[in-house]
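Enquirer: If you read the sequence shown in full-length UniProt numbering, its first letter stands for residue 1, the second for the next number, and so on.
Please keep in mind that the hints were generated in silico from the structure rather than gathered at the bench. Check each hint, because a few of them may be wrong.
Said to hold, decoys possible - Think about it this way: if two alpha-carbon atoms lie no more than 27 Å apart in a straight line, the pair counts; the simulated DSS-like pairs of lysine-lysine are: (1) Lys180 <-> Lys258; (2) Lys180 <-> Lys192; (3) Lys203 <-> Lys249; (4) Lys258 <-> Lys192; (5) Lys192 <-> Lys40; (6) Lys249 <-> Lys180; (7) Lys249 <-> Lys192; (8) Lys40 <-> Lys258; (9) Lys249 <-> Lys40; (10) Lys203 <-> Lys180.
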Amino acid sequence: MMDKDRPMGCAVVGVTANRHLRDGVHRDWLRRRYIEALMKYASVECVILPTIDGDHPSDATIRTFREVMRRLDGLVLTGDESDLDPDILCMNERVWARTEDDVVPGETDRPRDRLSWAALTAAGELQMPVLGICRGLQEMNVYRNGTLHEDLSLSQKGITHSENANLPRDEQYLPVHSVKVASGGLLSSVVKSGELQVNSLHKQGVATLGGGIQVEAVADDDIVEALSYRNSPTFQLGLQWHPEWHATKDNASQNIFKAFGRACDAYMAQRGKK
Numbered sequence: 001m002m003d004k005d006r007p008m009g010c011a012v013v014g015v016t017a018n019r020h021l022r023d024g025v026h027r028d029w030l031r032r033r034y035i036e037a038l039m040k041y042a043s044v045e046c047v048i049l050p051t052i053d054g055d056h057p058s059d060a061t062i063r064t065f066r067e068v069m070r071r072l073d074g075l076v077l078t079g080d081e082s083d084l085d086p087d088i089l090c091m092n093e094r095v096w097a098r099t100e101d102d103v104v105p106g107e108t109d110r111p112r113d114r115l116s117w118a119a120l121t122a123a124g125e126l127q128m129p130v131l132g133i134c135r136g137l138q139e140m141n142v143y144r145n146g147t148l149h150e151d152l153s154l155s156q157k158g159i160t161h162s163e164n165a166n167l168p169r170d171e172q173y174l175p176v177h178s179v180k181v182a183s184g185g186l187l188s189s190v191v192k193s194g195e196l197q198v199n200s201l202h203k204q205g206v207a208t209l210g211g212g213i214q215v216e217a218v219a220d221d222d223i224v225e226a227l228s229y230r231n232s233p234t235f236q237l238g239l240q241w242h243p244e245w246h247a248t249k250d251n252a253s254q255n256i257f258k259a260f261g262r263a264c265d266a267y268m269a270q271r272g273k274k
């Protein structure tokens with residue numbers, strides 16, 4: 001049921017934070033490019049969803065988190081440099097609890113993994129719009145029991161999927177390869193094109209698809225570049241690239257955020273009728 005004190009205005013989406021450890025201090029953070037693109041092109045307001053330490057059992061955590069998600073109209077799963085722990089995202093209780101190596105800079109971010117599991121669980125129950133970006137696409141796949149290539153540079157030939165660290169940060173997010181968009185899919189209906197030029201800043205990638213997942217785009221080396229949840233009543237799309245970084249110069253990126261925003265607006269309106 002909708003919060004009766006909340007006015008019907010702009011849709012509000014939850015945006016996942018990441019956990020960074022620096023000088024022994026834990027910080028939740030995310031890059032502002034996500035917020036800027038969501039506000040400008042999706043026309044939504046954003047709240048940052050904090051990472052989860054695992055001090056409480058997963059069932060207690062999701063009960064609390066579900067109440068937070070009931071107040072939102074959409075979910076955005078952001079990117080990050082860390083690798084996923086599939087045992088957490090597949091809800092393996094054995095590794096839910098906090099460990100000493102929960103956060104290893106540039107390698108492991110289990111607080112984010114716990115957050116993404118809780119967020120995807122609640123979003124699925126509430127049939128909420130979801131946009132996954134880079135790590136977010138991988139989380140959407142692993143959550144449905146899919147698997148990942150641990151390091152694409154060791155298993156793939158042809159396309160280099162990781163960024164060139166010698167370039168300035170802004171240039172690392174420029175398009176570097178094409179993707180073929182599947183006809184008749186969600187992404188195709190949004191971008192109105194059979195091919196896109198995208199950036200590529202990821203170490204891991206989809207190896208096997210999770211249950212109920214539709215491939216929306218692939219690279220020339222057959223790595224999945226976009227996916228959606230089949231038979232979803234709303235917009236639920238994962239992208240392996242970063243549409244937020246140069247959205248001001250790319251119509252396809254703008255259209256993706258706009259489509260997500262429209263889905264959030266529709267979700268908000270439907271909640272208002274309940």
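Enquirer: Hint compliance check: list the failing hint numbers for this structure, sorted ascending.
Expert: none
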